[in-house]
Amino acid sequence: MYKLNFNFLERYGDMLLDGMKMTVIIVAWCLVIGLVLGTVMALLKQSKVRILRIFATVYVDILRNTPFLVQLFFFFYGLPALGIQTDAMATAVIALGINTSAQNCEIIRSGLLAVKKDYYECSGALGYTKMQTLWYFVLPISFRLAFKSLVNNFINLVLTSSVCFSITVVETMGAAKIIVGRTSRPFEIYLMILLCYCVFTYIISFIAKLVDRKIHIVL
Amino acid sequence: MSFYDYANLTGNDAMQYLRAAGVTLYITLMSLLIGTILGVVLGLIRCSKNKVISILPLILIEPLRNSPLVTQLFLIFYGLPIIGGIMLDPFPAAILALSLNTAAFMAVLVHNSVSAIPQGQWEAGLALGHSRGSTFIHVISRQALRLLVPQAITLYISQLQCSSLVALIGIMDLTKLGQNLALRTLKPFLIYGIVFLIYYVISSPLSRLAKSLEKKLSFHY
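Keeping their order, the protein sequence lines are chains A and C. The opening position of the first sequence corresponds to residue 1 in the UniProt record's numbering, with each subsequent residue numbered one higher. The opening position of the second sequence corresponds to residue 1 in the UniProt record's numbering, with each subsequent residue numbered one higher.
Among the hints, erroneous ones may be present.
Said to hold, decoys possible - Below 27 Å or equal to it, Euclidean Cα-Cα: the simulated BS3-like pairs (lysine-lysine) are:
id, chain 1, residue 1, chain 2, residue 2
1, C, Lys-211, A, Lys-148
2, C, Lys-216, A, Lys-45
3, C, Lys-215, A, Lys-48
4, A, Lys-45, C, Lys-176
5, A, Lys-116, C, Lys-215
6, A, Lys-148, A, Lys-214
7, A, Lys-148, C, Lys-216
8, A, Lys-21, A, Lys-148
9, A, Lys-116, C, Lys-211
10, C, Lys-187, C, Lys-176
11, A, Lys-209, A, Lys-48
12, C, Lys-216, A, Lys-116
13, C, Lys-215, A, Lys-45
14, A, Lys-116, A, Lys-45
15, C, Lys-215, A, Lys-117
16, C, Lys-211, A, Lys-48
17, C, Lys-215, A, Lys-148
18, A, Lys-117, C, Lys-216
19, C, Lys-211, A, Lys-117
20, A, Lys-209, C, Lys-51
Bear in mind the hints are in silico, worked out from the structure with no lab data behind them.
If we strip away everything but chain A, and leave its shape as in the complex, we get (with noise of 0.2 Å):
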């Protein structure tokens, strides 16, 4: 019978922690461009040039319809060819970052529709120009409204960094990978690391439910 053996994790526990770090450091870089990326093209997509629309649909079409690795390995090996010298966290975020931000666009846009009519009218009314409308009162409610399934596809992108340590970041999967390399004990530090993004995504989910309560509404 074999067994589990977790001496490792005295060695090389700060290795992992520094992983972890990186893991965060990526995953919060990406969420800032995911949600900026994402409103600015859900805006686009309703916006009345004809071109625009059409060039935020597209985007979002194709970065929806292929997998992330590609779109990795695209631009970490696509980019030079340009001649664009990257590094791989560089690239591993702006990939990421544009994914995500193709998931948040459909998200943010279902939110925008379902702000009625009635709010548009009334800023008007009020003297509100288009932007300050925007600003002040559509994008608040339509965030709000949208909220859990940015967290889901947040915790989505948490899991889906992971897959960032194929063009050597050393993420938290990276590192586990290199440990795995010294110490031959896959099974007992792939499961820990499961375990590890188990937990993270449980904090995540467990904040989000608090702050739902505070800013959920109904229209």
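The hints should help you fit chain C onto chain A, whose structure is shown.
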């Protein structure tokens, strides 16, 4: 200068693309088949009236849903041989990991769509003299299926894209082929462009289908 010359590609590479697309489809379809069956079973157990029984599948579902697929894949491919002495080839390992992952998500979808059917439907069935099982088959399952199908197709699309991860354990699927060819021809844009196109061609009609089914099958009480 012909296209093949420009891309450093040969006719053989075109065949390889097709073969790789076949591998991707094979792995996806197999794991979806197994995953769907397993997921429906788990989802139905989850719907059981007995509280203890209904919680049991969560032991399997929750870790699978809340951890990255790569980790699960590596745990099965590198971990199982060490702990149980079970040597798995990349193919069975990939199908096992993907189908377990699919099953977990499927189970949640099944549970959600069954519990979305209002209690009144159950009561109506029972009042007409059906047993609980008969009510489920004749009244509930049909309505639940209408909710389930579009979501299941969306899940299938995302699993198709997740299947690209099997390249990381050395299976020659589309992603791995793209990587190899890109290294050989040094034209990453072109090669990955073709890979994108193939994935898009497979998954785009499915996502259209999901969207139209969602509109067609939706209903209100």
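Quiz item: Is A:Lys-148 close enough to C:Lys-216, meaning Cα to Cα at most 27 Å?
Solution: holds (25 Å)
Quiz item: Hey, C:Lys-187 versus C:Lys-176, does the alpha-carbon distance stay inside 27 Å?
Solution: This hinted pair holds, its Cα atoms lying about 15 Å apart.
Self-check item: Given pair status - A:Lys-45, C:Lys-216, alpha carbons within 27 Å
Solution: With a Cα-Cα distance of about 23 Å, the restraint between C:Lys-216 and A:Lys-45 holds, given a limit of 27 Å.
Quiz item: Can the restraint linking C:Lys-215 and A:Lys-117 be considered satisfied, given a maximum Cα separation of 27 Å?
Solution: holds (23 Å)
Practice problem: Compare the distance between the alpha carbons of C:Lys-211 and A:Lys-117 with 27 Å, and conclude whether the hinted pair is satisfied. | Solution: holds (25 Å)
Quiz item: When you check the alpha-carbon spacing of A:Lys-209 and A:Lys-48, does it fall within 27 Å?
Solution: Violated - the C-alpha atoms of A:Lys-48 and A:Lys-209 are around 36 Å apart, more than 27 Å.
Quiz item: Keeping to a limit of 27 Å between CA atoms, is the pair of A:Lys-45 and C:Lys-176 held or broken?
Solution: Since the Cα atoms of A:Lys-45 and C:Lys-176 sit roughly 34 Å apart, the hinted pair is violated (cutoff 27 Å).
Quiz item: Hey, A:Lys-116 versus C:Lys-211, does the alpha-carbon distance stay inside 27 Å?
Solution: holds (23 Å)
Quiz item: Given the proposed pairing of C:Lys-211 with A:Lys-148, does the C-alpha separation stay at or below 27 Å?
Solution: Since the Cα atoms of C:Lys-211 and A:Lys-148 sit roughly 21 Å apart, the hinted pair holds (cutoff 27 Å).
Self-check item: Holds or violated: A:Lys-117 to C:Lys-216, with C-alpha atoms at most 27 Å apart
Solution: Holds - the C-alpha atoms of C:Lys-216 and A:Lys-117 are around 26 Å apart, at most 27 Å.
Quiz prompt | Distance restraint between C:Lys-215 and A:Lys-45, which requires alpha-carbon spacing of 27 Å or less | solution = holds (20 Å)
Exercise. Below or equal to 27 Å on CA atoms is what counts here, so check A:Lys-148 against A:Lys-214.
Key: It holds: about 12 Å lies between the C-alpha atoms, which stays within 27 Å.
Going through the hint list in order, the structure does not satisfy hints 4 and 11.
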